[in-house]
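Novice: Chain by chain, the residues:
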Amino acid sequence: MREATTTTLSERLGAGGAAVREGTAADSVHGRVPRLVAAPPDTAAAAALLAAAHHHRLASVARGNGTAIGWGAPPLRCDLVVDTTALTGIEHAAGDLVVRAGAGTPLAELREHLARAGQRLTLDPLVPGGTVGGAVATGLSGPRRMAHGPLRDLVIGMTVVRADGVAASSGGRVVKNVAGYDLGKLHTGALGTLGLITSVTFRLHPVPPALRLVSAEAPDAAVLQEWTARVLRSAAVPAAVELRWPAGGPPRLEVLLEGSEGGIDARAAEVAALLTAPETADTPPPGWGALPGADRDTLLKITAPVANAAQAARDVRAAARAEHTEAAVGGSAGAGVLYAAVPAAADPAAVAGVVARARDALAGAGGSVTVARTAPGLAGADLDRWGPVGGLGLMRAVKDRFDPHRLLSPGRGPGGI
Amino acid sequence: MPEPLHTLLPRLRAICGEDGVITDTARRRTYESDGITYHAALPGVVVLPTSTAQVAAVLGLCAEHGVPFVPRGAGTGLSAGALPHTEGVLVVTSRMRSILEIDIANERAVVQPGVANLDITRAAAPHGYYYAPDPSSQQVCSVGGNIAENSGGAHCLKYGFTVNHVLGLEVVTPAGEVVRLGGKAADAPGYDLLGAFIGSEGTLGVATEITVRLMRAPQKVRTLLAAFETMDAGGAAVSAIIAAGVLPAAVEMMDALSIEAAEAAVACGYPSGAGAVLIVELDGPAADVDAQFEEVAALCRAEGAFEIRTASDAAERARIWKGRKSAFAAVGRISPAYIVQDGVVPRTALPEVLRRIAELSAESGIRVANVFHAGDGNLHPLVLFDDAEPGAPERAAEVSGAILDLCIEHGGSITGEHGVGVDKACHMPEMFTPADLETMDLFRGAFDPAGIANPEKLLPTPRLCGERPGVRKGVHPLVERGAAEQF
Ligand SMILES: Cc1cc2nc3c(=O)[nH]c(=O)nc-3n(C[C@H](O)[C@H](O)[C@H](O)COP(=O)(O)OP(=O)(O)OC[C@H]3O[C@@H](n4cnc5c(N)ncnc54)[C@H](O)[C@@H]3O)c2cc1C
Ligand SMILES: Cc1cc2nc3c(=O)[nH]c(=O)nc-3n(C[C@H](O)[C@H](O)[C@H](O)COP(=O)(O)OP(=O)(O)OC[C@H]3O[C@@H](n4cnc5c(N)ncnc54)[C@H](O)[C@@H]3O)c2cc1C
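Protein sequences, first through last, are from chains A and B. Note that full-length UniProt numbering has the first sequence beginning at 1, numbered continuously upward. Note that full-length UniProt numbering has the second sequence beginning at 1, numbered continuously upward.
Read the hints as simulated data drawn from the structure, not as lab findings. Please note that a few of the clues may not be correct.
Said to hold, decoys possible - What follows is a list of derived Cβ distance ranges for each label pair:
hint	chain 1	residue 1	chain 2	residue 2	range
1	B	Asp386	A	Pro206	41 to 47 Å
2	B	Ala314	A	Asp265	24 to 30 Å
3	B	Leu42	A	Pro125	32 to 38 Å
4	B	Ala264	A	Arg230	49 to 55 Å
5	B	Ala105	A	Arg296	34 to 40 Å
6	A	Ala349	B	Glu101	54 to 60 Å
7	A	Pro206	B	Ala125	26 to 32 Å
8	A	Asp265	B	Pro271	35 to 41 Å
9	B	Val178	A	Arg230	33 to 39 Å
Unchecked claim - Covered by chain A, per the in silico footprint, the following chain B stretches (three or more residues, Cβ under 8 Å):
hint	region
10	104 to 117
11	149 to 155
12	221 to 229
13	345 to 352
14	358 to 372
15	375 to 384
16	434 to 448
Computed from a prediction, not measured in an experiment: that's the story for all the values here. Note that CB positions come from ideal geometry on N, CA and C, so glycine has one too.
Please put together the full structure from these sequences, using the hints given.
Specialist: Here it is in structure tokens:
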């Protein structure tokens, strides 16, 4: 870092309009207290801010509402937290089923805004308090990914400020657009390591008038898998096929249906006929689709081909037992994307053991096990968070081009990028 | 043949076999252009590899000698993306045509890049599955070409584009390395290079194996044709359908001129006197489809449809689609030459943009037939002209370009599915700022630092586009202001 007093630095960082203050313990990221925190009000201010940070070689970490700031590896450096909460604004083109929102816009506010027009961004409000930018940067998708695809499929345009302070857009405001590279895909799930997202344009869907949740308890993983296959092969077209397998109890399959009032009961009956002792509700229970385990647990993300989803859940639970701990599992059986929570109290060696065993068990099927979030006590633990990553060399090349001085959340990305 | 290529020939033959390397001028000429024949160039040499290993060896050789390469699938592209490089290697995938696996339990198919799009559906259909992306060229275009163009079709409105249906790729990079991105499982760890590769138009490498999602065939499909007196009335019906929360599988629209052309070509028997015809297709669970179908018909009537035809079996559906599907070919019968344009506008801007196109047409005396994906605002104006008439091709090109300007003015895109290629590279600065383009170039450079993968496609180059105002020269503005450094 080039020498400059904190006051001079603050002035330079704020010259483009960002509000700058000193960092406090409350701003720490994985225990690293930033020297400064800056909140730019718009893309131009964000560009000037990052250009100045680049000039002084300050490492920055973007932060929305901080609900997932502990995801990924601890950044190697954190001189500046870029607080996005002033990057707000909603431009809703209701007739086109498109919305552009500032990165700091709370998802809840966006949801309310869209609901007034009978529309939605087809994401599930799982973790309260997230922002648009934070959700896109973590790139996680809830249960409804079955119906309209994962979050990245809903992003149609994005404006991002590069590490050197250059603001650039890709995509646009129309759903159908193949002009240029779709760089929005690259930033979705990149944990802020390739750029600061300042606004995102999404495609929207009308809120379906009717909803049913059909669920049943399965005796074991094999039956769960069989049910999943039957539901997928049926003509019911579920919006979500979730698996819930708490640490202490039997697994459940939960099938969400959305559609028109005229058709929904027939579809619900069709699904119910495929399960044993099904229950049908017309609203999901509170907390439906939430992550397994408790807030502070270590969270693993598991992907598997759909025919192996339930087996993968079983394998991870077995891996946990072999390490004398336990794992609650939940997620999309229908998409083959699950989360497993290992209790916060489990020691680092046990967690590493669960991950290694699960990877071994899953290797043949062609899935992955990554550590999405570590329990607070494990932040500094020596964990292989990513496992094998296909195309890592290309990912490094992309990072080198976008951020050659490694100033954006260094160390957070795949393979320690 | 240029010298560097000449020295490579023996090694190319060793890799692809004698019959896998084409040097003969007459045979090379068959690869001169893709679907838009007014861009043509003789490829330096054509290779026809049969495996990933062969592709990797060919690209490795190109990298070693700094020789450019251009991937080519079936050559149906409409943006000159597969336009050969006269001093380069054209890598054609037509011998890589195996469907490697139909995996119903996982709802996936694994194919080689030269497989025709429709062949996946043919292979999956006996199991009750299909491959959703359906460009009109689906009988012939290759899946590799679809990946490169992120192709769409009539059913994108509900089912999305190629990118929404590809889970895994095996790619040979411009350095000749084989890399796997994704696979049968979703959400591969790390950056979404898979998503960014799709739509990259052959500039990031060659896709050699492709894993796609298979979809369960819908329980029921119902199709409706509604005839309106004016395009505005048809457009209003589209808006009403979307506003009612119905998500049709397809919403297609044709104007009077394209109806006339289709009538002349295939006698599709569309209602006479129609100023606009709308085709709406619903699919999904039977109960849902039936409920929504009545609603859609009522909305069309309320917006002034004077005739509505419905189809519930395959034969009736085919009859309704016949005119629409033959429209492109049909204009060939009413005009000696034509340009197929591909631009997008926000759907709500359709009425205004169509009116402006009509004005452009009246002013220039160039007829424009409109047939398009109304649900997502993707226009395919057919710009008709007589290539024997002096000045007509130029005027047609002008009208065609002016239509793109209209799209950009209304917040749309210069291409919805055909891609940028060579044809539209010089329009990119109208849609994107220098910084946007520079960022795209940074990304490209990560894959292809030597610039040998399909050079001069997708991004504007000074050589192709001249000194365009949008293309940056000299010091970056941020650097000049002292706000950034150049790296
Ligand atoms: C399985 C799962 C599914 C989920 N599905 C949904 C869902 O469907 N709907 C939903 O609303 N939420 C969902 N969430 C929650 C959501 O992913 C995040 O918790 C939340 O949106 C993060 O927002 P935040 O503002 O608190 O981000 P923060 O916690 O502040 O930041 C999270 C990460 O993003 C980076 N970041 C933040 N802002 C930016 C930016 N502007 N540019 C670049 N990087 C940035 C940060 O550096 C950090 O790495 C899901 C969570 C999980 C675990
Ligand atoms: C009558 C007609 C109708 C059409 N309708 C549609 C439509 O409805 N929707 C639509 O989207 N398009 C349509 N198209 C355009 C065209 O068919 C598509 O763009 C198609 O995807 C091109 O496939 P191809 O195999 O012919 O590719 P080519 O034309 O051979 O190549 C296209 C591009 O892909 C690259 N490429 C090819 N193979 C590979 C590979 N394996 N790896 C990397 N790059 C590769 C080439 O370099 C080039 O840039 C239509 C074309 C015609 C002629």
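Novice: A separate judgement is required for each hint: does it hold in the structure or not?
Specialist: Status of each hint after checking the structure:
Checked against the given bound of 41 to 47 Å, the beta carbons of Asp386 of chain B and Pro206 of chain A, roughly 46 Å apart, stay inside it. Hint check: Ala314 of chain B to Asp265 of chain A, Cβ distance near 28 Å, so the stated range 24 to 30 Å holds. For Leu42 of chain B and Pro125 of chain A, the Cβ-Cβ distance of about 58 Å falls outside the hinted range of 32 to 38 Å, so the restraint is violated. Between Ala264 of chain B and Arg230 of chain A the beta carbons are some 50 Å apart, a value that agrees with the proposed interval 49 to 55 Å.
Hint check: Ala105 of chain B to Arg296 of chain A, Cβ distance near 37 Å, so the stated range 34 to 40 Å holds. Distance hint check: the CB atoms of Ala349 of chain A and Glu101 of chain B are about 39 Å apart, inconsistent with the given range 54 to 60 Å. Between Pro206 of chain A and Ala125 of chain B the C-beta distance comes to about 31 Å, which sits within the given range of 26 to 32 Å. Checking the proposed 35 to 41 Å range against Asp265 of chain A and Pro271 of chain B shows it holds: the Cβ atoms sit about 37 Å from each other.
A C-beta distance of roughly 38 Å is found between Val178 of chain B and Arg230 of chain A, which places it inside the suggested range of 33 to 39 Å. Check result for the region 104 to 117 of chain B against chain A: holds, 4 residues qualifying (beta carbon to beta carbon below 8 Å, three or more required). Note: the region 149 to 155 of chain B has 3 residues with beta-carbon separation from chain A under 8 Å; the three-residue rule is met and the coverage holds. Figure legend: the region 221 to 229 of chain B, annotated as covered by chain A; annotation inconsistent (0 residues with Cβ-Cβ distances under 8 Å, at least 3 required).
Residues of the region 345 to 352 of chain B with a Cβ under 8 Å from some Cβ of chain A number 4, which satisfies the need for three, so the listed coverage holds. Coverage of the region 358 to 372 of chain B by chain A is violated [criterion: at least 3 residues with CB-CB distance below 8 Å; count 0]. Against chain A, the region 375 to 384 of chain B contributes 3 residues with a C-beta closer than 8 Å to a partner C-beta. That satisfies the three-residue criterion, and the hint holds. Counting residues of the region 434 to 448 of chain B whose beta carbon lies closer than 8 Å to any beta carbon of chain A gives 12, which reaches the threshold of three, so the coverage claim holds.
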